[in-house]
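J.: Sequence:
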Amino acid sequence: MRNELNSNEYNLMASRQSRKILTGTLAAMENVKIGQDENVDCGVVFYDEFKILIPIREMNVSREDKRVIRSMIGAEIDFIVMEFDDENRTAIASRKEAMELRKNLELKKHKVGEKIFVRVTSVGRNNCRVDCYGIEYRVPINEIDYGYIDKVDKYVQVGDVVPAIIKELDIDNNIVVVSIKEAKEDPYLGIVKSLNKGGEYLGVVTGIKDYGIFLTIRKGVNCLCPFPNWANFSPAVGEKFVVRIKSINYDEKKINANLMRPINQRNKYNPTWGLG
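For the sequence shown, UniProt numbering gives the first residue as 1, with consecutive numbering after it.
Check before you lean on any hint, since a few could be wrong.
Heads up, simulated PhoX-like pairs for lysine-lysine below, C-alpha to C-alpha not over 25 Å straight-line [as the list claims (entries may be wrong)]:
no.: 1; residue 1: Lys167; residue 2: Lys193
no.: 2; residue 1: Lys51; residue 2: Lys151
no.: 3; residue 1: Lys184; residue 2: Lys167
no.: 4; residue 1: Lys108; residue 2: Lys96
no.: 5; residue 1: Lys109; residue 2: Lys167
no.: 6; residue 1: Lys103; residue 2: Lys154
no.: 7; residue 1: Lys253; residue 2: Lys219
no.: 8; residue 1: Lys193; residue 2: Lys240
no.: 9; residue 1: Lys254; residue 2: Lys184
no.: 10; residue 1: Lys111; residue 2: Lys66
no.: 11; residue 1: Lys193; residue 2: Lys253
no.: 12; residue 1: Lys197; residue 2: Lys167
no.: 13; residue 1: Lys184; residue 2: Lys96
no.: 14; residue 1: Lys209; residue 2: Lys240
no.: 15; residue 1: Lys197; residue 2: Lys151
no.: 16; residue 1: Lys193; residue 2: Lys115
no.: 17; residue 1: Lys240; residue 2: Lys167
no.: 18; residue 1: Lys115; residue 2: Lys184
no.: 19; residue 1: Lys96; residue 2: Lys167
no.: 20; residue 1: Lys151; residue 2: Lys20
no.: 21; residue 1: Lys33; residue 2: Lys151
no.: 22; residue 1: Lys154; residue 2: Lys20
no.: 23; residue 1: Lys254; residue 2: Lys219
no.: 24; residue 1: Lys167; residue 2: Lys209
no.: 25; residue 1: Lys115; residue 2: Lys51
no.: 26; residue 1: Lys219; residue 2: Lys151
no.: 27; residue 1: Lys197; residue 2: Lys209
no.: 28; residue 1: Lys96; residue 2: Lys109
no.: 29; residue 1: Lys151; residue 2: Lys108
no.: 30; residue 1: Lys66; residue 2: Lys33
no.: 31; residue 1: Lys96; residue 2: Lys111
No wet-lab data here; the hints were simulated from the structure.
All values reported here derive from a predicted model rather than from experimental measurement.
Kindly generate the complete structure, drawing on both the sequences and the hints.
T.: What follows is the structure in structure tokens.
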């Protein structure tokens, strides 16, 4: 090894010798030969000029499947160096060991009700997975933000670091439950008081289900409209309509409304104007 080391090399050596937790961005997934073993799938972190290989068995993922690693590319992850090769500028590391240490050093300082910052490590259709100081949790879609959410990736992206509220915590059994939504101010009650039954408002389609159409009236405030008896009606997410509010349930945070007419659809639909 050279006589002079830069700070990142010192960090890598400190990680190997003293279990210092290092952090980097998961930048790739490769299938490589490590030591005398057969080729294995690895997560890759580029730490300055060093290539950090994290074998899938050390990635601490839900199942040993390269698709799981692929879904995490772009995420910020912790690792501890197990082997260090200065000549080839490579290292073998463990995310599993780093997460266990992070859990015992950081997560145990917190309790239910506190706000922490979590790392988004993957985004699915109905949830996002987050690293909560060493324990991962899948945040369901209804705990990501207020109002109706059609696509999770409109609200969080892999690599984001976002605040969350701890709802449940059992460190001994590796259980943590968090809500990203509850770390934000609920806009509903303040905004909904400005809306009136019978009023007509601009709404943007955010979701289409077999039981009706969800439209956002204000940020965090949505209404549900039944399908109207209009000719050639085939709404799409993002389209705008005028809606008339039929009822507001403040306790359940539900607004029922009717579609009145489209906005700038160039007569795409043929509603019975004014009848809803």
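J.: Hint by hint, say whether it matches the structure.
T.: Verification of the hints:
1. Between lysine 167 and lysine 193 the CA atoms are separated by roughly 28 Å; this puts the pair beyond 25 Å, and the hint is violated.
2. Of the pairs offered as hints, the one joining lysine 51 and lysine 151 is violated, with about 34 Å between alpha carbons and a cut-off of 25 Å exceeded.
3. Taking the CA atoms of lysine 184 and lysine 167, the gap is near 14 Å; set against the 25 Å cutoff, the hint holds.
4. Restraint check for lysine 108 and lysine 96: the C-alpha separation of about 17 Å stays at or below 25 Å, so the hint holds.
5. A hinted pair counts as satisfied when its Cα atoms are at most 25 Å apart, and lysine 109 with lysine 167 qualifies at roughly 15 Å.
6. About 29 Å separates the Cα atoms of lysine 103 and lysine 154, which puts this hinted pair outside 25 Å; it is violated.
7. For the given pair, lysine 253 sits about 14 Å from lysine 219 by alpha-carbon distance, which is consistent with the 25 Å threshold.
8. Annotation: proposed proximity of lysine 193 to lysine 240 holds, straight-line Cα distance about 22 Å (limit 25 Å).
9. Between the alpha carbons of lysine 254 and lysine 184 the distance comes to roughly 20 Å, so the proposed pair stays at or under 25 Å and holds.
10. With a CA separation close to 34 Å, the supplied pair lysine 111 and lysine 66 exceeds the 25 Å bound.
11. Distance hint between lysine 193 and lysine 253 is fulfilled; the C-alpha atoms sit about 11 Å from each other, no more than 25 Å.
12. Between the alpha carbons of lysine 197 and lysine 167 the distance comes to roughly 35 Å, so the proposed pair goes past 25 Å and is violated.
13. With a C-alpha separation of about 30 Å, the suggested pair lysine 184 and lysine 96 falls outside the 25 Å cut-off, and the hint is violated.
14. Taking the CA atoms of lysine 209 and lysine 240, the gap is about 17 Å. The hint holds against a cut of 25 Å.
15. At most 25 Å may separate the alpha-carbon atoms for a hinted pair to count; lysine 197 and lysine 151 exceed this at roughly 29 Å.
16. At most 25 Å may separate the alpha-carbon atoms for a hinted pair to count; lysine 193 and lysine 115 exceed this at roughly 28 Å.
17. Only pairs whose Cα atoms come within 25 Å are accepted, and lysine 240 paired with lysine 167 is rejected, the gap being roughly 37 Å.
18. For the hint linking lysine 115 to lysine 184, the alpha-carbon distance of about 10 Å falls within 25 Å, and the restraint holds.
19. Pair hint lysine 96 plus lysine 167 holds up; C-alpha atoms about 24 Å apart against a cutoff of 25 Å.
20. Pair hint lysine 151 plus lysine 20 does not hold up; C-alpha atoms about 37 Å apart against a cutoff of 25 Å.
21. Pair hint lysine 33 plus lysine 151 does not hold up; C-alpha atoms about 38 Å apart against a cutoff of 25 Å.
22. With a C-alpha separation of about 35 Å, the suggested pairing of lysine 154 with lysine 20 is violated against the 25 Å cut-off.
23. A distance of roughly 14 Å separates the Cα atoms of lysine 254 and lysine 219; the hinted pair therefore holds under the 25 Å criterion.
24. The straight-line distance between the Cα atoms of lysine 167 and lysine 209 is roughly 30 Å, outside the 25 Å bound, and the hint therefore fails.
25. Straight-line distance between C-alpha atoms of lysine 115 and lysine 51 comes to about 34 Å, which puts the hinted pair past the 25 Å bound.
26. Straight-line distance between C-alpha atoms of lysine 219 and lysine 151 comes to about 15 Å, which keeps the hinted pair within the 25 Å bound.
27. Restraint check: the Cα-Cα separation between lysine 197 and lysine 209 comes to about 24 Å, which is no more than 25 Å; the hinted pair holds.
28. Distance hint between lysine 96 and lysine 109 is fulfilled; the C-alpha atoms sit about 20 Å from each other, no more than 25 Å.
29. A hinted pair counts as satisfied when its Cα atoms are at most 25 Å apart, and lysine 151 with lysine 108 does not qualify at roughly 33 Å.
30. Between lysine 66 and lysine 33 the CA atoms are separated by roughly 15 Å; this keeps the pair inside 25 Å, and the hint holds.
31. Taken as a hint, the lysine 96 and lysine 111 pair is honoured in the structure, with Cα atoms around 23 Å apart against an allowance of 25 Å.
Of the numbered hints given earlier, the model fails hints 1, 2, 6, 10, 12, 13, 15, 16, 17, 20, 21, 22, 24, 25, 29; all others are met.
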